[in-house]
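Student: Okay, here's what each chain looks like letter by letter:
Number of protein chains: 2
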Amino acid sequence: MAEEVILLDYWSSMFGMRTRIALEEKGVKYEYREEDLSNKSPLLLEMNPIHMKIPVLIHKGKPICESIIQVQYIDEVWPDANPILPSDPYQRAQARFWSDYIDKKTAGPCKALQRETGEKQETAKMEFMEVLKTLDSELGDKSFFGGNVFGLVDIAFIGFYSWFRTYEVVANFSIVAEFPKLIAWAERCLKRESVAKVLPDSDKVLKSVSDYRKNILGIN
Amino acid sequence: MAEEVILLDYWSSMFGMRTRIALEEKGVKYEYREEDLSNKSPLLLEMNPIHMKIPVLIHKGKPICESIIQVQYIDEVWPDANPILPSDPYQRAQARFWSDYIDKKTAGPCKALQRETGEKQETAKMEFMEVLKTLDSELGDKSFFGGNVFGLVDIAFIGFYSWFRTYEVVANFSIVAEFPKLIAWAERCLKRESVAKVLPDSDKVLKSVSDYRKNILGIN
Numbered sequence: 085m086a087e088e089v090i091l092l093d094y095w096s097s098m099f100g101m102r103t104r105i106a107l108e109e110k111g112v113k114y115e116y117r118e119e120d121l122s123n124k125s126p127l128l129l130e131m132n133p134i135h136m137k138i139p140v141l142i143h144k145g146k147p148i149c150e151s152i153i154q155v156q157y158i159d160e161v162w163p164d165a166n167p168i169l170p171s172d173p174y175q176r177a178q179a180r181f182w183s184d185y186i187d188k189k190t191a192g193p194c195k196a197l198q199r200e201t202g203e204k205q206e207t208a209k210m211e212f213m214e215v216l217k218t219l220d221s222e223l224g225d226k227s228f229f230g231g232n233v234f235g236l237v238d239i240a241f242i243g244f245y246s247w248f249r250t251y252e253v254v255a256n257f258s259i260v261a262e263f264p265k266l267i268a269w270a271e272r273c274l275k276r277e278s279v280a281k282v283l284p285d286s287d288k289v290l291k292s293v294s295d296y297r298k299n300i301l302g303i304n
Numbered sequence: 085m086a087e088e089v090i091l092l093d094y095w096s097s098m099f100g101m102r103t104r105i106a107l108e109e110k111g112v113k114y115e116y117r118e119e120d121l122s123n124k125s126p127l128l129l130e131m132n133p134i135h136m137k138i139p140v141l142i143h144k145g146k147p148i149c150e151s152i153i154q155v156q157y158i159d160e161v162w163p164d165a166n167p168i169l170p171s172d173p174y175q176r177a178q179a180r181f182w183s184d185y186i187d188k189k190t191a192g193p194c195k196a197l198q199r200e201t202g203e204k205q206e207t208a209k210m211e212f213m214e215v216l217k218t219l220d221s222e223l224g225d226k227s228f229f230g231g232n233v234f235g236l237v238d239i240a241f242i243g244f245y246s247w248f249r250t251y252e253v254v255a256n257f258s259i260v261a262e263f264p265k266l267i268a269w270a271e272r273c274l275k276r277e278s279v280a281k282v283l284p285d286s287d288k289v290l291k292s293v294s295d296y297r298k299n300i301l302g303i304n
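Each protein sequence line maps, in turn, to chains A and B.
Using the numbering used here, the letters of the first sequence correspond one by one to residues 85 to 304.
Using the numbering used here, the letters of the second sequence correspond one by one to residues 85 to 304.
If you're looking for bench data, these hints aren't it; they were derived computationally from the structure.
Among the hints, erroneous ones may be present.
Remember, identical chains collapse to one label, so a pair may be satisfied in a single copy or spanning two.
To be verified - 25 Å max Cα-Cα, derived BS3-like pairs, lysine-lysine:
#1 K298 - K281
#2 K195 - K298
#3 K144 - K226
#4 K189 - K146
#5 K137 - K113
#6 K146 - K217
#7 K204 - K188
#8 K189 - K204
#9 K188 - K137
#10 K217 - K137
#11 K146 - K226
#12 K137 - K189
#13 K189 - K265
#14 K188 - K209
#15 K146 - K195
Being a predicted model, the structure only gives us computed values, none of them experimental.
Just chain A, with the same shape it has in the complex (with noise of 0.2 Å):
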């Protein structure tokens, strides 16, 4: 019991597959708690008093927030299995760049590729095709973004990938035609049985996002 933990989430959330993905790497049993977003429970407001946002970590009673900060902590907290982050500090401050690089760079793009259409959409997309170019350019030809060793980064984005599809339909372009490295890269991540236990189905994605658009929004 004292050891316990628990994830306050929701199935679609890429930020919430990256501590799925780092709780996977590290063997550590959790209890997941789907949370209904348009009625959030009082665990998750006690928990998360100042974003009230999923994914929630509660280790031991005590809360743990923002999906990168989990990360790490469950890095630290397990060190044995599987490394996420690299020993040396240059190449840990690389990692942390680049998954910073992502929370500031897809957050309004891909909320706009999300629910908006017309001009805002067609903006967005163009700045989610610049990340992708960027991240593109930073793998490279490595098999990973840290090197040989699946890691922060690869955590970071692979949440991501499931939402391809969706991007390409509501916003009507062609992620995967561009970028083939980068969906290389995502079929590596996908042989690890953490990435492929926690990523969802892409058409369950794409399913209830149009769903929301033309419940919620009125659009299609």
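Assemble the complex: chain A is given as a structure, and chain B must be docked to it using the hints.
Tutor: Here is chain B on its own, set in the frame of chain A:
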């Protein structure tokens, strides 16, 4: 030469102040290079091609970008003197959470306080007061954000203190009267040699911002 540490920075940047304080805390000798932000150096653009922003820390010829990442890097490379992050993983996660909170919540309002007038500035004022209220409550009766020891969150926020007078004057409100605990905390921080050495004079910041508003933006 191989151990050379260079910092590309701008004197009134509260982000650059973080890195300078961390270097002072560790007793690391470094070469400070002031950037002209309206005409950035080729070295800055080469070392931070993604964000093209100061501060950039260059260690052994390699760049580390983003101030909170730089502070963590400095703590990891020079671990002996004055630890900046706590050793306990949960406390480390909390320190990262609050540093991240400061970065997420101050960027918008602080830019608007400095550059806007009227309604936009009023909104920024309310948002900034909300941040201060949250930080005041998180500080509570502790000496520093992490407890008894000066650390990451103190380093993340103390630079803003040198801007308080500027915000008060250009946006016509009072911070000092509303948050005595935060002011007492800032004064405690200023007793540290690192902070006292790095923080610029509040009147100098105010003059530079007043000049910028008058000469560049054409507002008072």
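Student: Run every hint past the structure and note whether it holds.
Tutor: Cross-check of the supplied hints:
no.	hint	result
1	K298 - K281	neither (29 Å within a copy, 58 Å between copies)
2	K195 - K298	within (16 Å within a copy, 37 Å between copies)
3	K144 - K226	between (38 Å within a copy, 24 Å between copies)
4	K189 - K146	between (30 Å within a copy, 23 Å between copies)
5	K137 - K113	within (22 Å within a copy, 42 Å between copies)
6	K146 - K217	between (39 Å within a copy, 23 Å between copies)
7	K204 - K188	both (18 Å within a copy, 23 Å between copies)
8	K189 - K204	both (16 Å within a copy, 24 Å between copies)
9	K188 - K137	both (17 Å within a copy, 14 Å between copies)
10	K217 - K137	between (29 Å within a copy, 20 Å between copies)
11	K146 - K226	between (38 Å within a copy, 20 Å between copies)
12	K137 - K189	both (19 Å within a copy, 15 Å between copies)
13	K189 - K265	within (20 Å within a copy, 35 Å between copies)
14	K188 - K209	both (16 Å within a copy, 23 Å between copies)
15	K146 - K195	neither (30 Å within a copy, 34 Å between copies)
Hints 1 and 15, counting from the list given before, are not met by this structure.
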